[in-house]
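Here the protein sequences come in this chain order: V and H. Under my numbering, think of the first position of the first sequence as 580, with each following residue one higher. Under my numbering, think of the first position of the second sequence as 580, with each following residue one higher.
Since the hints were made in silico from the structure, they are not lab data. Hints are not guaranteed to be accurate.
Chain copies aren't distinguished; within one or between two, either way the pair holds.
[Stated by the list, open to error] Computed cross-link-like contacts, DSSO-like style, restricted to lysine-lysine with a CA-CA straight-line distance of at most 27 Å:
#1 794 - 780
#2 651 - 729
#3 732 - 649
#4 582 - 802
#5 757 - 607
#6 587 - 732
#7 794 - 732
#8 780 - 798
#9 702 - 729
#10 588 - 649
#11 681 - 802
#12 732 - 681
#13 639 - 587
#14 678 - 649
#15 707 - 732
#16 798 - 640
#17 627 - 587
#18 607 - 651
Number of protein chains: 2
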Amino acid sequence: MDKSSILKKRFEECNISEIEIFNYISQKNLGEFSILVYISQFEGLGNKDSDFDIYVLTEKKIGLPTEMLKIKNACCDIEYWSEEDIDVLTESIDYFNYKQLKIIKKMSLAYLISGNDSALIEKIRNIKIDDYIYSYFKSFANAEYDDAVKMFKNHEYIACLSCCQRTVDYWIASVNAKMGRANLNLKWANKIFVDNNGYDKQILDNYLNIFVYRKIDKKNIEKAVSDMLDFLTDNNNAFMFFS
Amino acid sequence: MDKSSILKKRFEECNISEIEIFNYISQKNLGEFSILVYISQFEGLGNKDSDFDIYVLTEKKIGLPTEMLKIKNACCDIEYWSEEDIDVLTESIDYFNYKQLKIIKKMSLAYLISGNDSALIEKIRNIKIDDYIYSYFKSFANAEYDDAVKMFKNHEYIACLSCCQRTVDYWIASVNAKMGRANLNLKWANKIFVDNNGYDKQILDNYLNIFVYRKIDKKNIEKAVSDMLDFLTDNNNAFMFFS
């Protein structure tokens, strides 16, 4: 299903239409503007309570704060971005800045429902945002992995277990980005990974056996975390450093 | 063991002395200065590879960047802080700013090895930093918990499992802070919690049975994550909202 149809379906579920959003924004006398809408459903995610992220692009700097409001059954977050704001955003990109990466990612996936700001939108879509997201999660995965190894060497197996769990979450998020399914919200990471069969059936099976469906007790915890570290090492080599 | 003795022992392990640190800093002609040293061992944490965090407090603004260097076997991070810097730091405290909270926490625990900047140090120690750290982790725990509940309702049990794991990590870190054992490095959270018997033997046993030593398979994953949510709900009530 294309974005237009996905959005239409979601508008219907929430009993609203584009017109109502357009009218709400029009009354603010912003001059020329375009409206972009992002919903999680564009990425095959989200549920019936998910928000509508609405980006209003304006020629002039408006200085309006983000609004969170309900239009009929739709929870809308409305942000106002001038051409100048977009220039600052796209020119100062930093892979440590989570908020910035998230906005660029959502804007680049968003669907234009009004206006014709194609040059500005093109500028956003030209950023290789997935590469930044990959680097972002990779840096966290590596830091957590180093801690996991140190905890293992110090026989701190319970601490090691939680470091391994965090490593694999970040690792999965970075692999998703590498494979073109970047998403900055960690809560979706393993769903995306599993829905895509881990991009490799054997890796998926190993992940599920080692991190999800497992039996850990006091006797085998050392072996369990050792298996986790092995999984991470093997797959780090394959995904993170040599590719 | 008091901080002076802990630090002495650690200096010996790394084959250095206070004098060498003092001499290194003296040669920079900073005018009046004090030296504070923080090591993880003050909190009963760390290992033989742990860093020395050295804070040089100066009257005038120096503008030197952080240095990372090895003095004999000791890895030292040296930061330069003027009175003015400290004023800005202590007056702009924000519980969303991880780096700021971490520096204040470490400085407040650090030991004075040279100089006599007691008014400045007092200013740092007067901040109720543990309350900020508690709020910091509590906000993450609550956000992850909300996601975990939504994932459960949507029958996304694998995603729910990782949300629960993250929730409990943040929850433990916030409980540690509440109980006077605040530490911003998540890798230490469950070690501190377990070393303190979870502050309540029954809570510790439940944590270990539900989150650490457990048997999860495809048949029981719904029950397993449901138990996790119950643990988090019960203990959220006790620790997070009503206290």
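Taking the earlier hints as the rules, which of them does this structure contradict? 4, 5, 9, 11, 13, 15 and 16
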